[in-house]
Every structure is written in C-alpha cells, then in structure tokens.
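Colleague: Here the structure of chain A is known, so what remains is to put chains B and C in place on it, guided by the hints.
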Amino acid sequence: MSAQFLYGGAGILLFALGLWSLLVHEALLRKLIAINIAGGGVFHVFIAIAYRGDTAPPDPVPHALVLTGIVVAVSATALVLALHRRLEQAEESAADAEGRSESASASSAAPPPRTPTERTPTERTPTELTPADLTPADLTPETLHPETPHG
Amino acid sequence: MTLIPWLLVAAWVWPLLLAWPVAGQGGSWRASSATDGAVTAAVPSTAPITVPSKAHWRGFLTILGPLPALLAALLLPVGTRLELPWLFLGTALELDPVGQVYLLFTAMLWLIASVYSAFSLRTAEHAGRFGALFLLAMAGNLWLIVGQDLFSFYAGFAMMGLASYGLVIHDATPSALRAGKVYLVMALLGEVSLFAALVIIAQQTGSTEPSPEDLAQLTALPIALVLLGLGVKAGLVPLHLWLPLAHPAAPVPASAVLSGTMIKVALLGWLRFLPVGTQALPEWGGLLAAGGLLTLFYALPVGLVQADPKAILAYSSVSKMGLLMLVLGLVLMEPALAPVGVAGIALYAASHALAKGGLFLGVGLRKQAALRPALVQPLVLGGLLFLALALVGAPFTSGAVAKYALKPVIEGADWPWVAAAVTVSTVGTTLLMGRLIWVSAGTRTHSAPGYLWPGIAWALLIALVALFPFVLGKATSWTTNSVAVPLGVVLATLVALAAWRNPDWLKPLIGLIPAGDLIVLSRPIGALVKAFGGWLWRPLGRSAARIARFAIDRYERVCNEPPGDVERGLRAWSVAGALWIGILALLVLALLSGEPLVDNGEASDQVGIQADSGRQAEAIANGELPPD
Amino acid sequence: MADLLILPVLVPLLGGLLATALPVRSALVGTLAALATSLSGLGITLLVWLHGDLGTVLGGWGVPLGIGLSADGLSAALLAMASLVALAISIYAGSYFAGSAQARHFWPLWLLLWSALNGVFLAADLFNLYVMLELLGLSAAALGALTGKREAIAANLRYLLVGLLGSLTYLLGVALLYTAYGTLDIGLLGERLGPTPIAATALALMVSGLALKTALFPLHFWLPPAHANAPAPVSAALSALVVKASFYLILRLWTELFAPIADIGAATLLGLLGAGAVLWGSWRALRAQRLKLLAAYSTVAQIGYLFLFFPLLASLPPGTARDDLFAACVLMALTHGFAKAGFFLAAGLVQRKAGHDRISELGGVAQRMPATTFSIALAGSALVGLPPSGSFIGKWVLMRGAFETGQWWWLPVTVLGTLLAAAYVFRVLSRAFGLEPTPLQFVTNARSEIPALLLAFASVALLGLAAGPVWAILGFGAAPA
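Protein chains in written order, with my numbering: chain A, 1 to 151; chain B, 1 to 628; chain C, 1 to 481.
Read the hints as simulated data drawn from the structure, not as lab findings. Computed from a predicted model, the values in this text were never measured in an experiment. Among the hints, erroneous ones may be present.
Only part of the chain B face toward chain C is listed, based on derived beta-carbon distances under 10 Å [what the hints assert, rightly or not]:
no., residue
1, Leu82
2, Pro85
3, Phe151
4, Ala155
5, Ile169
6, Val182
7, Leu184
8, Ser193
9, Ala202
10, Gln203
11, Arg568
12, Ala590
Positions of the beta carbon are idealized from the N, C-alpha and C atoms, including for glycine.
The following block holds chain A by itself, in its conformation from the complex (with noise of 0.2 Å):
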C-alpha cells in the first residue's frame, strides 16, 4: 500500500512540478517539457491506481487510459513543436519585413506589442539556456524569447 501511495504521491508531485515550471518560465522548450512532465505526473496517479498488491494482476484500465493518454500527449507535443516551428519563421520574415521598412517609414506601422516581461536580448543571461534551447536553430536571440505567447 505504501509503495501505492509512494507512487502516486510522487505523481501528484510531478504535476505540481510541471505546473510550477510551465508557469515561471519563460521559454516556449521549457513550457513544453513542464507540461509533460505534468502529464506524466497524472498518468503516474494511473499507474499508482491500477495497483493491486503485489500478488493481483494490475487493473488494465488504468493501463489503457494511460497508453492513450501518451499517444494524446505525443501528438500535443508534436503540434506545439510545429506550431513553434511556424512562428520562428513567421518572426524571421517579419523581422525581414521590419528591417526593411525601418529604413523606409518608421512611424507608418504600429510598433509590435510588448509584454511586460520581456527583455531585449542583451540583458538576457547565459544561464536560461536550457539544454533543450541549445539546438541550432533555437539560438537565435528572437527564438529564445517569442514575443507573445509566454507573456
């Protein structure tokens, strides 16, 4: 019974843990990587359910319903990675489009909306980067802190 309770108190953790990082961090990765952690907290409560003992079988409902959720937390992944995808690109052509039309008229186009948390590149630390930030492409100072949809 304690390993049960060991178990699902240790998911419940998790998805505090997850919850607590995708709120306070910044970066889309890591939000990302916090709601999977969050999620694998719940399907940790599943798992501690289907326990029976040590002798029973586990129930195999719990089993099911947590095979499912994986495959529906894979494809939110897979969607929120391509969706990150997209908006890097859209940023790099609007920022083209910007340092284009800089040049032209400054004062014809509304300037990008700001959140309150956000920071110019130079007064961010070397210490955010996160090992899930440190691919190629995410170096980018723009890609490391999208404008919008962290703050």
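Modeller: Just chains B and C now, kept in the frame of chain A:
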C-alpha cells in the same frame, strides 16, 4: 369567421413582412450575375430585378403596412382574443377597450405618415433603409398595443424604440447624429429599467398577463422602475432631454409618428402595469402628478423661445404628455376616478396624436409642398391653423372634446388648484401654438416634387380631426375651453401685433434656450463649474496631478508598458497561473466546507465503495459483476 | 438504433481522412462530409426527440473498457446547434477559402474538430471526454493558426498550452474519481458518487481545468487574441462551438454528476466569476478598436451570463423553477452559438472587403454590404438580448430566478451587461448610417453572406419565437408562463 381574430396577428406581422421587400427598394435583392441561386431560395426574396432603378415601386408597399391594424381596429369587437402559446413563451393578443382606441388612432396616423413618407422620400438616398425601419417601428408600435402579455409589450416597445433610432439619424447630419446618440442612450436606459420592472412584475404577480387585481400586490421597486422606464418615452421632465432633439431631427413623417403615437405608448404601459383603479397609491400618484405638472409648465416657456417649428411642436408634445401624466397621477391617487380617467386619457391621447401628427406633417408640407397653384401654401397654413386650434382645445374642435373628458378627474382631484393650473396651461399652449403659426408663416418654401398625395392624405387627416368632436363628443363638450383659448388667442395676437410692429422686440429671447435644454446647457454649466473649481482648487489640483504622474511613472517603470492595458498583465503566465490556482483553491475550499447534506448511512456506504474500489473495478472489468 | 450514435463522430472523421488523402478535392470532399455530418447530428437529435435518451457501447467490450456513447436532451440540443452552425460555417468556408492554399489544411482539421466536438457531446465516460477534449483543443489551435501570421500563431500557441493544462487538470480529477469509485462511466459514477472530500477535490480540479478552456473570467486571457486573429470561419467555430463544448461539460458535471456535492458556496464563486466576465468582457468589447476583437470579448461576456445561472440552480430545489432556469441557460448557450457564429462570419466578410476591421473606418463598407450589415445587426441584437431573441428569454428567466431565490444582486449585473452590450453593438451599427450611395444589391456574394444571415436570423427569430422545443427536448414541461 374564425379567421378574423388573426387580424390581431396580421396587424403587426404584416408590416414586419413588408419590411423585407421595402428594404430592397431602389435595388435588387442580389447581383444578377451571382452564380449560385440554390442557397438563396431558403430566404424569402423577390425575384432578382435586373434594372435596379425600376424597384422604386417597393417604397409604396409601406402604405400597405398599417392596413390590417386599421381593419382590426374597425372590424373586431372589443374583447376579441387570440392565444398563441407556442409563440415566445406564450403570447396572448387581445383588443381591450383602451387598446381599441389606441389601435385606431395609431393605425390612422401611421397610414397617413406612410403615404407621406412613401411619396416624399421615394427618390431619396437610403429610402429602402428608411422604409424598412419605418415599418419595423410601426410593427413594434402595433404589437405592443394588441399584445396583452408582458413579453409582447416589451418586444414591441424595444423594436419600436430601436428602429426609431435609425429614423432619427436618417439624415446623418451632425445634429441628427448627436440627437440619435442622446436618444439611444436614454431609450436604452428606459428599456432596461422597463425590462427589469416587467421581470419583477411577472415574479411578484406570478403571471405574464397580470390583471389590475394582481398588480395591487406590487412593491415599490417595480412601480418605480415602470415609472422611470416609461417616463423616458413619455418625456417626463427631466427624462425628456432626448425628445426635443430627436423629434425635430427625424424626417417629417418619422417626427409625426414619434410625437403622435410612439410617446403615447408610455401611458398605455402605465395603464396596463400599474394598479390603476384597484389600489390607491397616494405617494406614487402624487409623484407622477407633480412630475406631470412640472413637465406641463416647464416645456411651455422653453418651447416659446424655439426658432425651429418642429422643436416648438416637440416641446408642445412634452407639455401635453405632462397633462396626461398629471391626470394619471390623480387617478392613481384616487382609484374611484379610474373608469372616467382611463377613458379620458385614451380619448385625449387619440385627439392629441392626430392633431400633433398633422401639425408635423403640415410643417413639412409648408417647407416643401408646391408653390403653384398659388392656393396651395395658404391652404397649408390654414390647415396648420386649424390643427393648432384643435391641439389647444378650442371650442368645437377635437381638443375641446378630449379636454372635456378629462374634466371629471381634474375637478374631482384632491388638489383643488389643479383645475386653475390646467386652465393657465391652456393659455400657455395657445401662445405656443401662436408662436408656431408665426414661425410657419415666415417659413420660406423650398418646393420639391411629389407632395400631391401627401397633401391629399394630410387633408384627409384634417377632415378626421374636424369630424372628431361631432362623432365622439356630446354637444355639451363642444364648448370646453371657451374662456381660456380665446384669452390665449387674444394674448397671442397682441404679442404678434407687437412683434410685427417692432420685429426686434422679442429677438433676444428667441434661441435663448436651445432645443434639448438641460443637456445642451450642461456643457456651459459644466465648464463654468470646472473653471470655478479650477480657480478654487488649483493648488490642490496641481499636487493631485503630480501624484498621478508619479504613480503613472512608477507603474510604467514597474511594468515597462503604458498604463491602462490590464488585460496584458493578465496575459502574463505567472499572473494568470496564480489566479487560476487561486480559483482552484477557492473551489476546493468551498466544496469541502459546504458539505454533507447526506445522512450517515449513505456516507458510510460511500466509504465502503471507496475502500474496495479496486476489487469492484476488477470485478466489473472482468464482466463478473453487473455495474451496480 | 442507438448504434447510430457513432455517426456524428465517425462521419466527419472519415471525411477528414478523405480530405487529407485528396488534397486537390478537399473542398468538395469537405463540403459533402459537412453535409453528411450535419444530417447525422440532426438525425440523432430527431431520434432523441422521438424516443428519448439513447445509449450504446461500441466494440462489444462492456462498460468500463468499451467506448460508451449516449445522448440525452442536453447533448441533443447542443448537437443540433453544432450541426446547424457548423454546416453554415462549412458552406461559408467553401467560399472563404476558395482558391487559397489554406483550404487544404482547413478541411481535414475542421472535420477533425467537428468530430471531436460531437464526441464531447456524445461521450458517456469521463476518459473518452478527455480524449475528445484534447482532440478538440489540438485541432482548434491548429485551425486558429492557419493564417500563418505571427500574432495568430503566438496566440494559438498560448491557447494550445492553456488547453493542455486545462485537460491535464481535468484528467487528474478523473484519476481521483477512478481511485475512489472504480468507474469512469458517467451513469455509474452518478449512482455511486457521494459527498466525499475526494469527490469534492475531483470536481474542483475538473471544473477549474474546464473553466480554463471555456475562458471564464479571469481565465479568458487567451481567448481574445486567439479568436480575433483566426480566419473568420475558424473564429466563428471557436467562439460559437469550441468554448461551448467545455461549458457543456461543466454544466453536465455540476448539475448532474456532482449534484450532491455542488453546493451554493462554490456555485456562487462561479457566479461571481461569471459576473466579472459579463462586466469586464462587455467593457473590453466596448473599448475594442477592431470588430473581431469586439466579437471575441463579447464571447467572454456571454460565457459569463451562462455562469450566472449556477448559483441560482444551486439554490433551487428540483422542480419547475429549476428546470426553467436550466433550460434558459441552455437556450442562452444555443442562442450565443448561432449569434456569435453569424457575427464572426459577417465580420470576416467586412474584413475581407475593407482589408481591415477597424471599427472607426468601416462606414463605407458597412453601407456597401447591406446583407452583411443586416446580419451584424441581427446577431448583435441577439447578443444584447433584445426580444424576440433566445437570449431575451434567457435573461428574462435569469432575472426572474434571481428575484425568486432572493439573489437580487445578479440583476444589476445583467442589466449593466445588457446596457454595455447595447452600447458596443450600436457602436458598430451606427457606422452603417451615413450618406454613402445606396448599393444596387442586397447580397453581394450569396455563398458567404447567406450563411451568416441565416445564422443571425436563427438566433433572433428561431430560438426566441419558438423556445418551447428547447424545453421539450430537455424533458421539461411547458415553457414558463
């Protein structure tokens, strides 16, 4: 014969149906080049017309709008009733005695006004839009008269009020747009308080078609809300602010119905939703009577200094509504007066509606009817004079008969001086109408084509007004006001003579108070107050500004954004997340604290289930146990 | 016959697959599939209307493992609304995306969304509801980002993450329930559920997760940018249908499954949030500079009205008065579905024609498109709650209920919200009155204007004048007198 009650439905549905083709007047339903016709078949539409300019005939459909209502008013016996339980949440249409009078004069005035509008606005820009909104307002006005339940009244009232907004701003001049804005704000306030009042009435009486006996149990709140909500429509001072702005701003036929029929529905609403005749309401009745008296006397001097004939007429409407509110207030104070009073109010409303509608149309004709033959304009002026006399209640006119009908209430009231006050107001009204005739006589005519049929319709209206006393009134009633009106006429003539001799004599007075009185004056008064306050509080204001700037600076520095957009702050994940977790925690707390309603036996049962949930689940999963 | 319940879920799914496989013909395939889906949805509604509640379990597995589907009055009412609204959106989209590369992505995603939506309405167990909710969220976010514009993608990324968080929280609640009661079937759970701390916590988790997805104030932060930046048919679907799915679930959980626990205190909390939504959403809509942003904030406000019903429902004993309130709540949700879809579709046309949707500069365009302006006027009057729209009846019953239960404080909220709504609707409509020349035709593009017009018309006339059927399909007696 069983079909005849359906006239009560046709009365308001028919104008609604006509609104569709009329809206397309001057154009076709859709581009004839559009390819897919299959989808359009789902919508009632007329056949596509390839030559758009030919579609002006649809404007004449407006004239057909009020006909079923007129037929219903003339043919149906009082008490005809039709229940439509499937409509809305149950609708009942009925022709009650007051409703019949209302339906009759409303349909008549709408008919004449629609002839006027169909011909005079035929070639105008957006004639289709005007026609459709005109029909919508008409439908609303007729619906609330025949509908006996709260829903129908409110639905008709709202439809009429909001469609009229489009009529008021039709000309899209800056003054019309401003008038429209004031109208809309006040109308919406009125409608919302009426809505709240009706909901409470339904709740307190337990019925959507409350009888006067049901209404006797109303508390103060719904009565106050009804008075307030309909007071806006009735022009009860100081809720009248929109009226002298909106009525002159609208095109002539719209002004006629706005001032003639639409403001009268407030009285109808009060008669239906206040405990008239069943319960003495000394406080509320006194309040309404006092408000009516104030309205009656306030509007007269303000109207006298107007320069626009339509503004003069609008103020005259305000004043006359004041008289009716006074009478209603007296009836509320003394229920015994109710039978006489209610009939009198209905008769007076009818008389005033026809005369006032005719005056508005006449002013329009005076401005735009043909100059030739040379007889036309003098005839128009003569018609105006006659209608003005009818409005003030000169002997042998409709006004005299109507006034006679109100006499028992005015003389039987607890306040003995009311009769004297009303006589004084009659003199004042006579002066006001004298002013109208004076201004109209001086109006320069810009004649436009197409006023022949409006003129004929107007003549018909005058004939109706002329016949009114001899059809509806007793001979004794014909000589009412035989002192006050001649006195007023003499006074008006004296003033007119003096003004004719010395044109500059009264000039400083004219335009002294702009139309819309308080609302227009509010700006200079506000400026004055502000200037005075600024002088008085300058040091204080300066430090307040300094504090405000400091706060804004701090805020900007903290949030690195201009102040004002709270939403952006909300979008920050940490803020949103904290809020969310807070809500979650509150929910848990509320749900845990607001607990067991269930007795112990069941609760222990639950614990049992909880304890061996695993085993049970397994059993169910393996199909061994039937699920509970 | 109950096996037919699978059709509203299966048909769009197959249609979506086919549309993916035949990208060149996706519009045709999509339109046909939309028609079939709509018919199947309406068919299920008809069956429920005629025969009462339906239920089936797929795959021959028995209740806990098999996928259970069921339809009662509530699901049937929402299913019918979704079928009609989504059909109109599909017809509109056919013209909106004609000749655009976005059509290839639109149709599969749209049909997937529709499938998930119907799935939410018909699913009979809590876990399948989770799967359907996730599918709905994923397809909605993908659709919302369809334009590829930076703002749209950013807003929908946020929407996606919020949605994921919401569904995970919901799932955690489901896990707790399974721990305590050993079943996920709604019917079985309803029999076993009692006022235990675990059930209370589960309810709180599920409702707060769903509140996040249904954009209940102050958790609405993701909605305005996501809905305002999506293509018009998608905005219409998101605002009219997708938020309704999670609301439907909250309503079902709160009033049916968790009825023994859902007490007045917690319901008052939801009501307060709803009141905040009404006032704040309406105020923001009034201040919005863009037409679609206005519509999005109006959605926030309208969702708020639906939550005002909760404290009233909680304080009334089962009976006619409570039934009336419940039906009025559903009626308001349905009306908003029609009205907001019509509004967004019309706003999209205005945006197309003008090249922007800044309200202050729309005068000329509004006059050149009479049918579209008329749609906005009709839908707007339903949003305000003018008679004879369905929301008028909804508000009537709401205010009456507030008085009956002595909770008069919801009355000023409703009144103020109505006034603000009138102000923002007339702010748009007053642009249509000007001196620009009269157009020569009422409808300029039938295929896109007629669906908007019909939706708006339905919200005003259909639901208001004949509200009785809503009461009937929910299994209640006659409409309130």
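Colleague: Going through the earlier hints one by one, which of them does the structure break, listed in rising order?
Modeller: 1, 6
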